[in-house]
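Could you build the full structure based on these sequences and the hints that come with them?
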Amino acid sequence: GDSVTQMEGPVTLSEEAFLTINCTYTATGYPSLFWYVQYPGEGLQLLLKATKADDKGSNKGFEATYRKETTSFHLEKGSVQVSDSAVYFCALSPGGGTSYGKLTFGQGTILTVHP
Amino acid sequence: EPEVTQTPSHQVTQMGQEVILRCVPISNHLYFYWYRQILGQKVEFLVSFYNNEISEKSEIFDDQFSVERPDGSNFTLKIRSTKLEDSAMYFCASSVGATGNTIYFGEGSWLTVV
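So the protein sequences, as listed, match chains A and B.
The letter at position 49 of the first sequence is residue 49 when you use this note's numbering, and the numbering goes up by one with no holes.
The letter at position 55 of the second sequence is residue 170 when you use this note's numbering, and the numbering goes up by one with no holes.
There's no promise every hint is true.
[To be verified] As a list, the in silico SDA-like pairs of lysine to any residue whose alpha-carbon atoms are at most 25 Å apart:
(1) K52(A) - G212(B)
(2) K157(B) - T112(A)
(3) K157(B) - T20(A)
(4) K157(B) - P115(A)
(5) K172(B) - T51(A)
[To be verified] According to the in silico footprint, chain A covers these stretches of chain B (three or more CB under 8 Å from chain A):
(6) 157–164
(7) 219–228
Treat the hints as calculated values from the structure; they're not laboratory data.
These numbers were taken from a predicted model, which means no experiment stands behind them.
Just so it is clear, CB atoms sit at the ideal spot from N, CA and C, and this is done for glycine as well.
As structure tokens, this is what we get:
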């Protein structure tokens, strides 16, 4: 079945450092890929998405590129802020129709940014 | 911004009791979902619901689980006879459509079975 693997956390960075959180996936067909973020005390929020190979999703300074050849969707940000401290989840949707909402999640990566 | 709301935020129940978790999806959304996250584990899909019927369900979603949209606004998850291993955070989610649409999640309901 489908699976998503994220780099082990937690990740601790200083403000303005470069962030990479690795995500690789296994899926049949043409999945869509997502990064969700969960801030303390809140629900999962969509950060960015990509629906086909070579698409780049971006939002709030975060970017991720859908790489079919390496089955990866790594999250990057050039300069993190304290307010980026949260749990980040990589996820995939298997495809269209009724299966679209059947997301498979990675284990989540806790990011802590210090001033 | 519209949001998915869930109640209760936390519930403690005795093993064997029935539990109903409630969700109010975003008002113009047509697709509804339940996920759960056992402490320390991944977020797992339970069920999707569209047009007043289940469209997909996982192997976790066995006969002790049921979902219902009793009126035009609520979407509920019922666990008929809770077990210790049902202790988890349960997330409700909704989307306006299927392919390509953003799936919006609630803040979750934390269920503790004792």
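Results for each hint:
Note on K52(A) and G212(B): the hinted pairing holds, with a Cα-Cα distance of about 18 Å set against a maximum of 25 Å. In summary, the hint linking K157(B) to T112(A) is supported, as the alpha carbons are separated by about 20 Å, within the 25 Å threshold. About 20 Å separates the Cα atoms of K157(B) and T20(A), which keeps this hinted pair within 25 Å; it holds. For the hint linking K157(B) to P115(A), the alpha-carbon distance of about 29 Å lies beyond 25 Å, and the restraint is violated.
The suggested pairing of K172(B) with T51(A) holds, with an alpha-carbon distance near 23 Å, which does not exceed 25 Å. For the stretch 157–164 of chain B, the stated coverage by chain A holds: 5 residues have a C-beta nearer than 8 Å to a C-beta of that chain, and at least 3 were required. Beta-carbon proximity to chain A at under 8 Å applies to 5 residues in the stretch 219–228 of chain B; the threshold of 3 is reached and the given coverage holds.
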